[in-house]
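Trainee: Here are the chains, one letter per residue:
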Amino acid sequence: MSRSAGCCQSCLHSLFDYETSKTLVIPNLGVGCLFRFTQLLVLLYVVGYVCVVQKAYQETDSVISTVTTKVKGFAYTNTSDMEPRFWDVADYVIPPQSVNSFFVLTNMAITPHQKQSRCPEFPNPSTTCVDDCDCIEGYNNPRGHGRLTLITIPPLSFLTRLSLRPAVLAVAENFTVLIKNSITYPKFNVHKRNIPSQIRSSYLKRCEFNRKTDPDCPIFRLKDIVSEAGEEFQDMAVKGGILGIIIDWSCDLDWWARPCKPKYSFRRLDNKNPSNNLVTGLNFRFAKYYQAPDGEEARTLIKAYGIRFEIIVFGTAGKFGIVPTIVNLGASIAFLSLVPMVADWFMLTCMKKRDLYMRHKVAYLLDDDDTESVPMGTSYGTQ
Amino acid sequence: MSRSAGCCQSCLHSLFDYETSKTLVIPNLGVGCLFRFTQLLVLLYVVGYVCVVQKAYQETDSVISTVTTKVKGFAYTNTSDMEPRFWDVADYVIPPQSVNSFFVLTNMAITPHQKQSRCPEFPNPSTTCVDDCDCIEGYNNPRGHGRLTLITIPPLSFLTRLSLRPAVLAVAENFTVLIKNSITYPKFNVHKRNIPSQIRSSYLKRCEFNRKTDPDCPIFRLKDIVSEAGEEFQDMAVKGGILGIIIDWSCDLDWWARPCKPKYSFRRLDNKNPSNNLVTGLNFRFAKYYQAPDGEEARTLIKAYGIRFEIIVFGTAGKFGIVPTIVNLGASIAFLSLVPMVADWFMLTCMKKRDLYMRHKVAYLLDDDDTESVPMGTSYGTQ
Amino acid sequence: MSRSAGCCQSCLHSLFDYETSKTLVIPNLGVGCLFRFTQLLVLLYVVGYVCVVQKAYQETDSVISTVTTKVKGFAYTNTSDMEPRFWDVADYVIPPQSVNSFFVLTNMAITPHQKQSRCPEFPNPSTTCVDDCDCIEGYNNPRGHGRLTLITIPPLSFLTRLSLRPAVLAVAENFTVLIKNSITYPKFNVHKRNIPSQIRSSYLKRCEFNRKTDPDCPIFRLKDIVSEAGEEFQDMAVKGGILGIIIDWSCDLDWWARPCKPKYSFRRLDNKNPSNNLVTGLNFRFAKYYQAPDGEEARTLIKAYGIRFEIIVFGTAGKFGIVPTIVNLGASIAFLSLVPMVADWFMLTCMKKRDLYMRHKVAYLLDDDDTESVPMGTSYGTQ
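Chains as they are written, first to last, in my numbering: chain B, 2 to 384; chain Y, 2 to 384; chain X, 2 to 384.
Since the hints were derived computationally from the structure, they do not count as laboratory data. There may be inaccurate statements among the hints.
No copy labels: a pair is met if it fits in one copy or bridges any two.
[What the hints assert, rightly or not] No more than 30 Å apart at the CA atoms, straight line, and that leaves these computed lysine-lysine pairs for DSS-like:
1) 188 / 273
2) 240 / 193
3) 262 / 240
4) 71 / 116
5) 206 / 224
6) 224 / 188
7) 320 / 273
8) 289 / 304
9) 213 / 56
10) 353 / 71
11) 73 / 354
12) 304 / 206
13) 224 / 23
14) 116 / 188
15) 71 / 23
16) 213 / 224
17) 354 / 213
18) 73 / 116
19) 193 / 289
20) 193 / 353
Only chain B is shown next, with the shape it has when bound in the complex:
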C-alpha cells in the first residue's frame, strides 16, 4: 500500500472509529440513590417549573389593539349659580371622538362672552377686573393705558360659579360606556374581540358589566369603574382625574389551553394626594368661538374638569415554539451533566469505601516513569 492510501485510511479511522469513555459501575445503593435523586430534582424543575409554570417552551408576541368607545347618558342640571340646562353626549364628551380614551366633562368654570378689546385703563386693585381679566397676567411689560387684552363682558346667560363643589355634572356617574376592543397577535395571526360572538343582542341591550354576574358584558357604568378603582366618583368629579380601564389579553394560544378572554381591571392613573401639593386632577381650557354679524369675534372660555378614561390594552400571547423549547431543554441537559459531578464528589469524599472507589476510578500517571499508580488518600474532583 502506498503512503497516501495509508494516510487516507488513518483519516477515515480517526473520523469513523468510535471513542467512548471507560466506565466503572459501583453497586452502592447510597451513591446510586443520590445520583437518581439529583437527576429527579433537575427533571422536576424542568418539567414542573419551566414547562408547566413558566411555559418557557413558548414563543411570545405582543398585542396590537383597536378600541372604540361610545358613551351614553343624559343630564339635566339646575343649580343656583347656573342656568338650567340639558346635557347630552355631544356636550360632555370632548373631543367627540378619540382613540383609546374618552373624556367625560364633570365640572366646569365658564367665562362667557370674552372679546378682544382694550382695557379701559391700567388695571389696579380699584378697577373691577376679576379672575379672567388678563390685563396683568397676560402681558408682562404693560405699557399703560389702552393696551389690547381680553376683557370679559358681563355674562348674559351664565355665571362663573363661585365654588367647584358639588360638580356640575355629578349625575355623570350614571352614564354608561360601550367598549369595543379587537386585538391582533400578528406573529400568530390571531384576531380576537372583547364581545363574544355567542352573546345575544337582547342581552347586550340591557346588560351592565359586573365582575360576578356579567363578566362578559362590554357596557360599563362610570360609577362602577371609578369605585372598582377604589375611588369615589363624586370626589373625583370635582377636580377631574385619569382613570385607567386596563384590559389584559394575556393568552395561551396552544390548542390544549383554555380559550383566552379579556380581563378587565380599573386603576386611577394620576396622583390623587401628591405629597408635594402639586395641582391635582385634570382640567384644560377650551373656547367656543362666536362671530357677530359685523364680524366681531367673541368666545366663551371653558375651563373643563373631568375624568379621562384611558383604555390600556396589554398582553402577551405564548405559543409552543421550537427555538425556546430547544434552548430550555439544552439548559436542562447541561444541568443534568452536572449531576455525575455531584455524585462523584459525594462518593469520593463522604463514603466509607472512598479509598477503594478512588483506587478503581482514578489512575495516577507518574510523570517520571511510564507507570500508572493509584493516589493515596488524596481526593481529586472530576474537573
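Starting from the structure of chain B, add chains Y and X where the hints point.
Mentor: This is chains Y and X only, laid out in the frame that chain B set:
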C-alpha cells in the same frame, strides 16, 4: 519538608493536575457512522434552523413610531334632501388632526338649530316631538309641563335625511391620504422613514400607492385601501367602520441583510357582521355651537358616520447579539453531549459484539472484595 | 430465587448502580494550567459579560404609560398684516386635549368669512379669485356659470398674510409645558411617576427643566426642547414640525440596583430637509363655523402651522428571574463542558509526552481478537 508545605503542595496538585477520562476506541464502522450522523443532525438543526430560519442569534427590539397624515380631496353634494354643499378637508376630517389615525366623514344625520328651551307641554303621542326631541328620553322623572329640554327649531338650511343610503359623501372614495411615518429602534439607534430619500418630488406629486406598480408611494386612495381590505367603500361609507392601515417594519439590521422597507397591509378592524346584531359601524355625535347677538346659544347636532383609518405600526428588529448567540450555541452543545449516549446505547444493545464492547468499556466493581469484574449479559446505560 | 425476582433485582441494579467514568490524572503543570485558564475565561465571560454587563439573568417587561400635558403662556401679536390680538392656551393648543401629544399653533394663514355661495361667473385669470377661492380646484368638471362653491367674502377683521415669515406666534418659544407621566410595569406590578414625591410644591412652581441644574423638574420651556433637539425654534415655527419628547424609563428593578428615574431626550421626528423636496413641516386646515341669525352658515378657515410635541415613552424593566438565569447558566455549563476537549486536544497533540499520555488515556479495541491495544502515533480526538 514541613507538614504545611506538604499540604500546600497537595492543594496545588489537586488544582493543577489535569484529570481526563479514560477512553476506549472501537473501530466499528456502524457505531462510528451512527455517531457522526447524529452529530451531523444536531449541527444541521443548529446551523440550518436556529441560525438561518429563526435567526436566534439576534437580539430584538420593538419599534417606536410617529405618523403624520394629510388627507386631500374636495366633494360637492347635491341630493334631494340636503342643500347643495361644497366640502373640503376642514369639513370632513374630524378632529382636524389626530395622532396615528384620521376620521373621514362619509355620512351624517343633522339636527340643526337646537335650543335649550321649555317643552310647550308634556309630550305624548299626539304632540309633534320627533327623533331628537328629548323631552322623555332625557329625563327619567318628568315633572309635567314646562320642563327644560332641547327642542329642535324647524331647520332653516338643512333637513334631517330620512334614509342613510346612499352615503352623503360617497365621493370620499376618491380622496387621497399622504402618510408620513418615521420609526426608531432605540436599542440599535436606527431611524427610518417610509418615504425613501431617493424618490423624486415630481414622482411624489403624481404617484398613488399600488402594490405592484408603485409599492413605495406613500399616497393612498381611500377606495383602494378599503378594497384591499376586502370591503366595498360604498357599503362601508353608509354606517362607518374602522379600517387598519398596518405598516410592518420587521427588520433584519445585520449588515449582510437586505435594507428593510415598510410593508403595507389593510384590514377592517371592526366587526362587519356580528352574529349578535350589535350596532355596527362607527358613529359619534358632536355639535357646532352658535350664539345669537342676545347671547342665546343654539347648536347644530351632527351624528357623524365615517371611516376611522388607524395606522398601526408594528415590527421587531433583530441584530446579531452575543448573549442570544451564546445561549443558542450552549443549548446546541448540550444536545451534542447527548449524542455519545445514543451511540453507547446503540453499541451496547443492538450490535452483535455488544458483550465484547461491554466487557472492555464497563468495569464492574464487586462491593465485597477489592476486585473489578466485567458484567455478564446485563447492559448498563451510561447515566 | 424465582426468575422474576432475579429480573426485578437486575432492574434495580441497573437503576441504582452508579456508573462513573474512569479517569486518569496527569500531573503536568502545562495542561493543568491550560485547563484551569480556559475554565477561568468561560467563567469570566459568564460572570462578567452575561451577568454584569448584559444582565441576562433578568426577566423583562415593557412599559405602559399615561401622559398628561398642560401648556402655559400668553402671547400678544401686533403685526402689520393682522389685527392686534391676544392669545391664550385655549386659542393655540389644538385640540385642547389629546393623549401623548400636544400641538402648539405657531403660524397660520386665515381665510375668514367663507360662505357656501355661487361663483358669479366662471373663473378665469381676469376674475379676482385668489388662493382659497376653490372655484377651479374644488370641482374638476366645471359646468360653467353659477356653480356652487365656497367663496370668500372680503375679510372684515383679518387679512390673509402674504408671507409666512416671521411666524405669527414666534413668542410661543417662551411657553412652558408641564408633563405628568405615570408608568406601570404590569409583570412586576411596579408603578412610577416622573415627578418625584419628595419634590416640594414651591420648587415645582418656579422650576424649569435643565439637564444640569434641574434634571427632575417636569416643566419644560418649548424653546429649550427645540434647541436640545438641535433645531432653531424660530425656523421651526414658520412651517411647523414634529418634535419628540422621549422619556426613557429603562429600569433595573432588582433591590440592589439604583432607583430608576426617567431620562428625557429630544429629537425632531419629521424630515427637515428631505432630498425629494416633499412638503416639509406640519400643517392642517380646520374651520370655525358661525351662523347668522337667519341660519346662514359661514366659516373661518384656518391653515394652522405648528409644532406637534409627541411624548414617546419607552423602556424595558429587568428583574431577576429563575428561567433566564437557568438558561444562561445552562449555556455556560455547556461551554464549560467543552473545556476538557480543548485540554485533551492540546495534551495529545502539542505536548512532548503525548505518546505516553495517549497510551494511558486511550485504549484501542482490536476488532478481530478480544484484546486491547494502545494506538501508535495516531491521535484521536475525544469526540
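Trainee: All the hints need checking, so say for each whether the structure fits it.
Mentor: Consistency of the hints with the structure:
| no. | hint | result |
| --- | --- | --- |
| 1 | 188 / 273 | between (39 Å within a copy, 24 Å between copies) |
| 2 | 240 / 193 | between (37 Å within a copy, 22 Å between copies) |
| 3 | 262 / 240 | between (35 Å within a copy, 28 Å between copies) |
| 4 | 71 / 116 | between (35 Å within a copy, 24 Å between copies) |
| 5 | 206 / 224 | within (19 Å within a copy, 34 Å between copies) |
| 6 | 224 / 188 | between (38 Å within a copy, 28 Å between copies) |
| 7 | 320 / 273 | between (40 Å within a copy, 28 Å between copies) |
| 8 | 289 / 304 | both (11 Å within a copy, 18 Å between copies) |
| 9 | 213 / 56 | within (29 Å within a copy, 42 Å between copies) |
| 10 | 353 / 71 | neither (79 Å within a copy, 78 Å between copies) |
| 11 | 73 / 354 | neither (84 Å within a copy, 85 Å between copies) |
| 12 | 304 / 206 | between (35 Å within a copy, 20 Å between copies) |
| 13 | 224 / 23 | neither (76 Å within a copy, 75 Å between copies) |
| 14 | 116 / 188 | neither (56 Å within a copy, 51 Å between copies) |
| 15 | 71 / 23 | neither (75 Å within a copy, 76 Å between copies) |
| 16 | 213 / 224 | within (17 Å within a copy, 45 Å between copies) |
| 17 | 354 / 213 | neither (66 Å within a copy, 70 Å between copies) |
| 18 | 73 / 116 | between (34 Å within a copy, 20 Å between copies) |
| 19 | 193 / 289 | neither (40 Å within a copy, 37 Å between copies) |
| 20 | 193 / 353 | neither (65 Å within a copy, 59 Å between copies) |
Hint compliance for this structure: hints 10, 11, 13, 14, 15, 17, 19, 20 are not met, and every other hint is.
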